[in-house]
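Let chain A serve as the given structure and place chain B on it in line with the hints.
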Amino acid sequence: MIDIRRRTTFFFVVVSLAHVLLISAQVQTQSGMPLVENVAFGVFARVQGVVAGVSDGIGSTWRNYFALRGVVAENAALRAEVSQLQGQLQAEKAISGQTHGLEQMLQFQLSVRQRTLPARVIAGDPAPGALTITIDRGYADGIRENLAVIAPGGVVGRVFREPQAHAAMVQLLIGHAAAAGAVIPRIEAGGVVEGGSESPALRMLYVNKSFEVQTGDTVMTSGQDGIFPAGFLIGTVARAERGGGSTNYGLISIQPAVNFSHLGYVLVVLDPPAAGGGL
Amino acid sequence: MRIVSVVAVMIAAVALQMAFARFTIGGRWSLDLVLVAVAFVALKWGPSAGVIGGTIGGLTQDALAGGTIGVGGLSKTIVGFGVGVIGSQFVVARSAPRVLVVVGATVVDRMLLWGITNAIDLGGRGISWVSVLTEVGLNALVTLIVFQSIEIMPGMMRRRSSRRSAFGARKW
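Protein sequence lines, in the order shown, are assigned to chains A and B. Under my numbering, the first residue of the first sequence is numbered 1, with each subsequent residue one higher. Under my numbering, the first residue of the second sequence is numbered 1001, with each subsequent residue one higher.
Pulled out of the complex, with its shape left as it was, chain A reads as follows:
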């Protein structure tokens, strides 16, 4: 008869080895496991929709009936409207900036105005540090992979995997391995903004030392990544250090414009930028 402790240890070793093999398979193919991810996301998107609905329902019932009796509902609707209008304003500003640049430098024609779709955040990180959110819009609403997501403050992230019918996962720009083409309009210095840093959460790479980057400089999307349309606000320069022997800046820290800890509603930009187009 097998000792129960040995059996448990054997079970643990087998399961651990299975994990190692699973990881090895993905590291070698570099493709991940899209089927497993989609099934898990599909199941939990439904669960989260229900959980968010129930928690919001309980919260709103409490607030509406016991606190302000309807004022909160009106306030929420107004906030959603303001959020959408601010997003539209940003889109208009982006087009305006882009148009001026194009007119002045390349005399390009006016770009097509970006359409946006408001979405509610229904879930946060499945694991600490994952820095993703789930929104209540999916392919049935016209959402597809790699569409830009913005908030009234600026750029939030991108839709990063095949969406479900009424849910999509968004990779936050401050997340590990997230990046966007960026430009500092004051000096027209281009580069790439990537997430995953410590406070502040963003940093800008590949900016040539010949540019005079200053603290407080605004950083916008350049549109050259094919995901984020040009002219959306990313943040402001918090620190710039030339350092090192490279031809590029050693460190440019960016303070994100969006307050990522309070994301209730976001806007999905339905029109991706034209390939190679940008400021």
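Hints are computed from structural coordinates only; laboratory data are not their basis. Virtual Cβ for every residue (Gly too), placed ideally from N, Cα, C. It is possible that some hints are incorrect.
Stated by the list, open to error - Chain A residues, not near chain B, derived (Cβ > 12 Å throughout):
# : residue
1 : 85
2 : 187
3 : 225
4 : 250
To be verified - Label pairs and their in silico Cβ distance ranges:
#  : chain 1 : residue 1 : chain 2 : residue 2 : range
5  : B       : 1118      : A       : 11        : 22 to 32 Å
6  : A       : 38        : B       : 1162      : 43 to 53 Å
7  : B       : 1012      : A       : 241       : 40 to 50 Å
8  : A       : 241       : B       : 1096      : 40 to 50 Å
9  : B       : 1004      : A       : 140       : 29 to 39 Å
10 : B       : 1154      : A       : 142       : 44 to 54 Å
11 : B       : 1111      : A       : 54        : 29 to 39 Å
As the list claims (entries may be wrong) - Calculated Cβ distances over 10 Å to all of chain B for the following chain A residues:
#  : residue
12 : 8
13 : 61
14 : 82
15 : 96
16 : 118
17 : 144
18 : 152
19 : 186
20 : 190
21 : 205
22 : 236
23 : 243
24 : 246
25 : 251
26 : 253
27 : 270
Same frame as chain A, but now just chain B:
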């Protein structure tokens, strides 16, 4: 039956984790309810349950987070087994030792995640000690609440039912 319970606890933990994380997105506050659930099933049902719970919880988190599937699964499996072994070897019946076990499990889980991602060259993040400390604190708090509630609940139910039966037996 035990497996069904473990699966149910883990699914509930992942759903709650994502629901609570709505309010702390991108902030410095982080909480890992899945880890607390792994520790809970391991302490309650032993190392095998810890391994199963860790595998289910970790793999689900991996699949939802969009990273390499198996990294979180492996770390939580190891943590689940370790907590289960500790629970079966030592007396972990009071709140303080349980909280201590979860604190240790949180730190070990973070170290394992960091080690595995760096070992397979996934460009793993550095460890943010501020976020580890907040996670340790919040996980400990949740552990305290969960275990205390579970301990108090049966006693409360018993007292309530005995009060009712006492009323029922009284002759008016």
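Structure-based check of all given hints:
Interface exclusion of residue 85 of chain A from chain B stands, the closest Cβ pair being 23 Å apart, more than 12 Å. At roughly 28 Å, the least C-beta separation between residue 187 of chain A and chain B is larger than 12 Å, which holds for a residue marked as non-interface. At roughly 18 Å from the closest C-beta of chain B, the C-beta of residue 225 of chain A stays outside 12 Å, upholding its exclusion from the interface. Every Cβ of chain B is farther than 12 Å from the Cβ of residue 250 of chain A; the closest lies at roughly 17 Å, confirming the non-interface assignment.
The hinted range of 22 to 32 Å is satisfied by residue 1118 of chain B and residue 11 of chain A, whose Cβ atoms lie roughly 27 Å apart. Checking the proposed 43 to 53 Å range against residue 38 of chain A and residue 1162 of chain B shows it holds: the Cβ atoms sit about 51 Å from each other. Separation of residue 1012 of chain B from residue 241 of chain A is about 47 Å and conforms to the stated range, judged on CB atoms against 40 to 50 Å. For residue 241 of chain A and residue 1096 of chain B, the Cβ-Cβ distance of about 46 Å falls inside the hinted range of 40 to 50 Å, so the restraint holds.
In this structure the hint that residue 1004 of chain B and residue 140 of chain A lie 29 to 39 Å apart at CB holds, the actual value being about 33 Å. Against the hinted window of 44 to 54 Å, the Cβ-Cβ separation of residue 1154 of chain B and residue 142 of chain A comes to about 51 Å, which satisfies the hint. About 36 Å separates the C-beta atoms of residue 1111 of chain B and residue 54 of chain A, a value consistent with the hinted range of 29 to 39 Å. Interface exclusion of residue 8 of chain A from chain B breaks down, the closest Cβ pair being 5 Å apart, not more than 10 Å.
Its beta-carbon lying about 17 Å from the closest one in chain B, residue 61 of chain A satisfies the requirement of being farther than 10 Å from that chain. Look at residue 82 of chain A: its CB is around 20 Å from the nearest CB on chain B, clear of 10 Å, so calling it non-interface holds up. Once the 10 Å rule is applied to beta carbons, residue 96 of chain A is consistent with being away from chain B; the minimum gap is 29 Å. For residue 118 of chain A, the non-interface assignment is confirmed: its Cβ lies about 17 Å from the closest Cβ of chain B, beyond the 10 Å cut-off.
The beta carbon of residue 144 of chain A sits about 16 Å from the closest Cβ of chain B, which is more than 10 Å, so the claim that it is off the interface holds. Chain B leaves residue 152 of chain A outside its interface by the beta-carbon criterion, the shortest separation being 16 Å against a cut-off of 10 Å. The beta carbon of residue 186 of chain A sits about 27 Å from the closest Cβ of chain B, which is more than 10 Å, so the claim that it is off the interface holds. Every CB of chain B is more than 10 Å from the CB of residue 190 of chain A (nearest about 23 Å), matching its label as outside the interface.
Listed as outside the interface, residue 205 of chain A is consistent with that label: its C-beta sits roughly 14 Å from the nearest C-beta of chain B, beyond the 10 Å cut-off. Distance check for residue 236 of chain A against chain B: the nearest CB is about 17 Å away, which clears 10 Å, and the non-interface claim stands. Taking the minimum C-beta to C-beta distance to chain B, about 19 Å, the non-interface status of residue 243 of chain A holds against the 10 Å cut. Residue-level check passed: residue 246 of chain A sits 19 Å from the nearest beta carbon of chain B, beyond 10 Å.
The claim that residue 251 of chain A lies off the interface holds: its Cβ sits roughly 15 Å from the closest Cβ of chain B, which is beyond the 10 Å cut-off. The beta carbon of residue 253 of chain A is kept farther than 10 Å from every beta carbon of chain B, the shortest such distance being approximately 15 Å. With a closest Cβ-Cβ approach of about 22 Å to chain B, residue 270 of chain A is found to remain outside the 10 Å limit, as its non-interface label requires.
Checked against the numbered hints given earlier, this structure breaks only hint 12.
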